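Residue numbers (my numbering), protein chains in the order written: chain Z, 195 to 359; chain A, 203 to 259.
One should not assume that every hint holds.
[To be verified] In silico lysine to aspartate or glutamate, DMTMM-like type, Cα no more than 20 Å apart, as pairs:
{"hint": "1", "chain 1": "A", "residue 1": "Lys-252", "chain 2": "Z", "residue 2": "Glu-284"}
{"hint": "2", "chain 1": "A", "residue 1": "Lys-252", "chain 2": "Z", "residue 2": "Glu-332"}
{"hint": "3", "chain 1": "A", "residue 1": "Lys-252", "chain 2": "Z", "residue 2": "Asp-266"}
{"hint": "4", "chain 1": "A", "residue 1": "Lys-252", "chain 2": "Z", "residue 2": "Glu-227"}
{"hint": "5", "chain 1": "A", "residue 1": "Lys-217", "chain 2": "Z", "residue 2": "Glu-332"}
{"hint": "6", "chain 1": "A", "residue 1": "Lys-253", "chain 2": "Z", "residue 2": "Glu-265"}
{"hint": "7", "chain 1": "A", "residue 1": "Lys-252", "chain 2": "Z", "residue 2": "Glu-264"}
{"hint": "8", "chain 1": "A", "residue 1": "Lys-253", "chain 2": "Z", "residue 2": "Glu-267"}
{"hint": "9", "chain 1": "A", "residue 1": "Lys-253", "chain 2": "Z", "residue 2": "Asp-233"}
{"hint": "10", "chain 1": "A", "residue 1": "Lys-217", "chain 2": "Z", "residue 2": "Glu-264"}
{"hint": "11", "chain 1": "Z", "residue 1": "Lys-353", "chain 2": "Z", "residue 2": "Glu-264"}
Read the hints as simulated data drawn from the structure, not as lab findings. All values reported here derive from a predicted model rather than from experimental measurement.
Here is how the chains run, residue by residue.
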Amino acid sequence: MQRTLQILNELEQNGVMSRYAIGGAMGATFYIEPLLTFDLDIFVLLPQTRGGLLTLAGLYDALRAKGYVEEDECILIEGIPVQFLPAYNELLEEALQEARDTMYEGTPTRVLRAEHLAAICVQTGRDKDRQRARLLYEQAALDLDYLAGVLARHGLDGKWKEWTS
Amino acid sequence: MDQLKSEIARLFAAKERRRVRLAAQPFPEKVRAVVQMQRMAAPILRARGKKARVWNV
C-alpha cells in the first residue's frame, strides 16, 4: 500500500494528475470499521485537456510506461488494483479540494473527508452506499454542520434525512 | 424469556463495542484487516466464478 501511494504521489508531482484522494470503501475504512473491498478507489482531478475533455488516457499511459498493467477497470500498482475515478461533478471536485492530508506509514497521502464520503454515497444511491452512509453516520464522528452545508449545496439533504431517519 | 432478552442485549452491546474499537484502530491496521478479509472472501468469490485479487501489501 505504501509503495502504491508513493507512485500516486509521483504522478501528482509530475503533473499527470492535479490532485488525488482515497475514496470508496478504503476511504470509508479510514473513519469506520474495516470494510471488505478488492480495489482502491482513487478520485482524481485531471489536468485540463485542450478540448476540455476529462480523460484518464494520460494517467494510464504514464502508468503503463512504468510497467503497470490494466486489469478490468483497474490498473495494478504494486500489488493493489487501483480504480481511478475522475471528478466528474461539483461534489467530487469539492471533495477533492477539501480532502484531508494524512500519512500512511511515513508516506503522505490524502483521504476524502468523511462528510464528503457520506454525501457521495447519497448521490450514488446504491444499496451498498446506503449501508456505508449509515456506518459513516454511526461511527465516523461527522461534523454535522459541515455535512449539512455539503448536502445542501449539492441538493442531497432530503435523501440524507430519508436514509438516516 | 427476559433472561434471553438481556443476554441478546448484552451480545449486541459487545458487538457494538467491538465495532467502535475497530473503527478507532490506526489506518494501516485497518488495511491489514481488509487484506485478511480479502484472504477469507476470495476463495468463496472465486468458487462463484468472480475475480478476487488479494492485495499484496
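Do the hints match the structure? See the list:
Between A:Lys-252 and Z:Glu-284 the CA atoms are separated by roughly 34 Å; this puts the pair beyond 20 Å, and the hint is violated. Straight-line distance between C-alpha atoms of A:Lys-252 and Z:Glu-332 comes to about 31 Å, which puts the hinted pair past the 20 Å bound. For the given pair, A:Lys-252 sits about 12 Å from Z:Asp-266 by alpha-carbon distance, which is consistent with the 20 Å threshold. For the proposed pair A:Lys-252 and Z:Glu-227, the alpha carbon gap of about 25 Å is over 20 Å, so the pair is violated.
Distance check on the hinted pair: A:Lys-217 and Z:Glu-332 sit about 14 Å apart at the alpha-carbon level, within 20 Å; holds. For the given pair, A:Lys-253 sits about 10 Å from Z:Glu-265 by alpha-carbon distance, which is consistent with the 20 Å threshold. Of the pairs offered as hints, the one joining A:Lys-252 and Z:Glu-264 holds, with about 17 Å between alpha carbons and a cut-off of 20 Å not exceeded. For the hint linking A:Lys-253 to Z:Glu-267, the alpha-carbon distance of about 12 Å falls within 20 Å, and the restraint holds.
For the suggested pair A:Lys-253 and Z:Asp-233, the alpha carbons sit about 11 Å apart, so the restraint of at most 20 Å is met. Distance hint between A:Lys-217 and Z:Glu-264 is unfulfilled; the C-alpha atoms sit about 39 Å from each other, more than 20 Å. A distance of roughly 36 Å separates the Cα atoms of Z:Lys-353 and Z:Glu-264; the hinted pair therefore is violated under the 20 Å criterion.
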